[in-house]
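Keeping the supplied structure of chain A fixed, place chain B upon it in accordance with the hints.
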Amino acid sequence: MTTRIGVVTFPGTLDDQDSLRAVRIAGAEPVSLWHRDKDLHQVDAVILAGGFSYGDYLRAGAISRFSPVMATIIEQAKAGLPVLGICNGFQILTEAHLLPGAMLRNNNLHFICRDQKLRVENADTAWTSAYTAGQEISVPLKNVDGRYTADERTLDELEAEGRVAFRYADVNLNGSLRDIAGITNAAGNVVGLMPHPEHAVDPLVGTGRTDGLGIFTSIIKKLVTA
Amino acid sequence: MSLDTVKHAAETPDAGQPWKELGLKEDEYARIREILGRRPTGAELAMYSVMWSEHCSYKSSKVHLKQFGEKVPANDAMLVGIGENAGVVDVGQGYAVTFKVESHNHPSYIEPYQGAATGVGGIVRDILAMGARPVAVVDPLRFGAADHPDTRRVLPGVVAGIGGYGNCLGLPNIGGEVVFDACYQGNPLVNAGCIGVMKHEDIHLAQASGPGNKVILYGARTGGDGIGGVSVLASETFESTGPAKRPAVQVGDPFQEKLLIECTLEIFKEKLVAGIQDLGGAGLSCATSELASAGSGGMRVELDTVPLRDSSLSPEEILMSESQERMCAIVEPQHVDRFMEICEKWDVIATVIGEVTEGTQLEIFWHGEQIVDVPPRSVAHEGPTYQRPYARPSWQDALQADDAGELARPASGAELREQVLKLVSSPNQASKSWITDQYDRFVQGNTVLAMPEDAGMVRIDEESNLGVAMATDGNGRYAKLDPYTGAQLALAESYRNVAATGAKPLAISDCLNFGSPEDPDVMWQFAEATRGLADGCLELGTPVTGGNVSLYNQTGETAIHPTPVVAVLGVIDDVTRRTPVAFAEEGQLLYLLGDTREEFGGSAWSEVIHQHLGGMPPKVDLGREKLLGEILISASRDGMIDAAHDLSDGGLIQAVTESCLRGGKGARLVVPDGLDAFTFLFSESAGRAVVSIPRSEELRFNDMCGARGLPAVRIGVVDGEEIEIQGEFSIPLSELRTAHEGTLEGLFA
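The listed protein sequences derive, respectively, from chains A and B. Residues in the first sequence are numbered consecutively from 1, following my numbering. Residues in the second sequence are numbered consecutively from 1, following my numbering.
Honestly, the hints are just simulated from the structure, not real lab data. Some hints could be false.
What the hints assert, rightly or not - One side only, chain B facing chain A, incomplete, derived with CB under 10 Å:
id: 1; residue: Leu169
id: 2; residue: Leu171
id: 3; residue: Leu259
id: 4; residue: Ser425
id: 5; residue: Gln444
id: 6; residue: Asn446
Glycine included, C-beta positions come from ideal geometry on N, C-alpha and C.
Excised from the complex, chain A in its bound form (with noise of 0.2 Å):
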């Protein structure tokens, strides 16, 4: 049986068709999930893509994390059901409290785009099993509300368990405490990520680099296999 992968559409979302790529390139079967509608449709994944979903109005990620498609996520993450949010769904997800921490306006204060060098530093989630720990890889980087912050003590947490699963490797222009570009839950089902996956899984566009494939790979394998 085919590995279905869904990927939800917010209003204002904007990644969505590069996710629902990149599960087709991966080789799973994308599945488009609407925000409306609380049926994940048997999905084995969820992927909450990149954009500004309801404008970032108010905070971004702080609406769409009220909508129907969402309860239903946040029940089933808790189960156990592998969610990766990009950007405006690592956001999502931290407003959800599937993720602690919060993103602030980037350092300098402007929306900034560029190919970005990351270190994996967690290979044992759903999500990044392809690659290996240490592992330097390069996917674009897009936004303005990227600086991840949480207090200390949550960092410290994070740390210790090993939940640091992304960090900026060369620069780290959003101003991340302790350079952390992506970490997941306890249960390493859930990950958030800032910077694009999706968008470097095709040599042909992008930054011409496929480093990103690795993501929706690893997520295939293990459910393939679990």
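Same frame as chain A, but now just chain B:
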């Protein structure tokens, strides 16, 4: 105040009216009275005033613009020409592409963020209204002197506005330009372009026909923003004193626009509309009159049904409001329910505000009382036409006689080296990444090339790898020296940029930015530039599909440089064959294509080193441009070249610097026989490019150029960590990178 109904207007012929305050001239007001056979109502006056403004009616420019429709090259790619929201060209495989460049200059000076943001929003809706999915945007920008304090106010606001709006729409920003010149100090140029893709059968036109069809307004509610924006802002010169005009600038909501895009595309997919028009300048006045005028003529609108953000708005204000993110659709009655369902799905407000009627009049009612009864053509398509007087400026000869060839030239290798560093670090020649890195160029996952490549390129079919490319160019310094040649140089450069990526140029859109049409000097520049562009397009075989004119770009008596910006659209059958600018392969051979002459008039060198503008711009040879384009396209398709960069402002050394830095590889160059090092490095002769060739392809490439008669000379090799001009000087890449990439950040961060 009581309602000024049609009946009331007929009964009170002598009531005073504020036609002057609304920007109408006395004879224009008299003509309105003649058309209607009575005085206009307040609402009618509002409509005529905005629709007959320079911005909407092209009253000063249209006698010149008609050349674009007369000098049409034989080109079977055109599907829809000038006059619609945007032109449409056939790109093969059943696909059609629509594209256009527009200006949002005046609003962006007053309120940089919102002015630039709504400029993006407006052009995207234009493209959407043709039935196309917008796939990319570009932004040609002109600012005052880079070190002027006001540029620090305008530029960051404009860049943040373009980014804030465009990034939130999910459209990759793939190109454009950034130019600094003191002439734009009080009149920055914020042009915005958009490309949209559709299948041939999905083309939609702005027309209302079929009596009984419903007129549906959908999108944002109508508010008090942008009222009179068109007549007040776009059609009058800024005075240094006078009331603040900020309330006339519209405020954008990109989130609403994103919903509008997705909602409209779904509506198109189900073929639910008979006609569609976006609401931009002149708002409902424009949309209703243009739709009715292009259709059978009759339309009845109940204006009080328009959803409002501010319930105190008068009918005149509702008609003139330029609130953003609104569209107007003509829908057959049986499709209305489904139309409404789709709008509901996307949380977009939609309201039936009227219907197409049997008659020939546009009739607008306010709570049952008629306030507008006009022939729509007289509002939308039969505005005034002016034969503005024009004459070659008295200073033109002296300017052209002030030959840049007489300027002091560098006398030694050391001096050349110093001037190269000065050039590549000057604001106009420096890297623009500080700006373009604030735009999302990756979204939608189809961006094959983006800034700083010669042209932006997006894939439009994932199966076949069909793609389109677009470049925008315009050099106001050249156009000031000679507007006819300057316009052709803008066309030639944009054409060359598209060809350099391997795409075949198909058609153009233009944004013509000039000073006041009431100044005969400016009108001469405009007449010359349009003539040059029309002649050029005829020769190159690239029709003008549409565009925009922005006049009154001047402060007091001082006009901007005439600045025709040309956007060339090209098609490439297989985007995997695209040619980037980066010199990435060590050992590859560098060839200079075309003829290099001593041409320094209007050059970057004359500006940076001597702060000079005079003489003649480079000569144009469009036959040569065409040949160069064919060679670049063939070489790309057949895999003979791995990189290509067009030569334009800054000359060869600018292009080589950019290509080396992009690829992270150095170059060793030799000055070819017959040229001196200075001319070799800094001349801006047109019709040239530099290419990087694998050694195995050298023979084949040379044979092709020889057979076709294109001069091609080997000038060096990709090698090492520096750019070396043999016998003259060398500069390490790290030093060039610091010089080239640090400038804008230093000025604006």
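Here is how each hint holds up against the structure:
Interface hint at Leu169 (chain B): satisfied, since its Cβ lies 8 Å from the closest Cβ of chain A, which is below the 10 Å cut-off. For the restraint placing Leu171 (chain B) at the interface with chain A, the shortest Cβ-Cβ distance is roughly 9 Å, inside the 10 Å limit, so the hint holds. The interface hint given for Leu259 (chain B) is met, as the beta carbon of that residue sits about 6 Å from the closest beta carbon of chain A, less than 10 Å. Using the Cβ-Cβ criterion of 10 Å, the hint placing Ser425 (chain B) at the interface with chain A is not satisfied: the shortest such distance is roughly 21 Å.
Because the smallest distance between the Cβ of Gln444 (chain B) and any Cβ of chain A comes to about 7 Å, under 10 Å, the interface hint for this residue holds. With 10 Å as the threshold, the beta carbon of Asn446 (chain B) comes within range of chain A, its nearest partner Cβ sitting at about 6 Å, so the hint holds.
Hint 4 alone, counting from the list given before, is not met by this structure.
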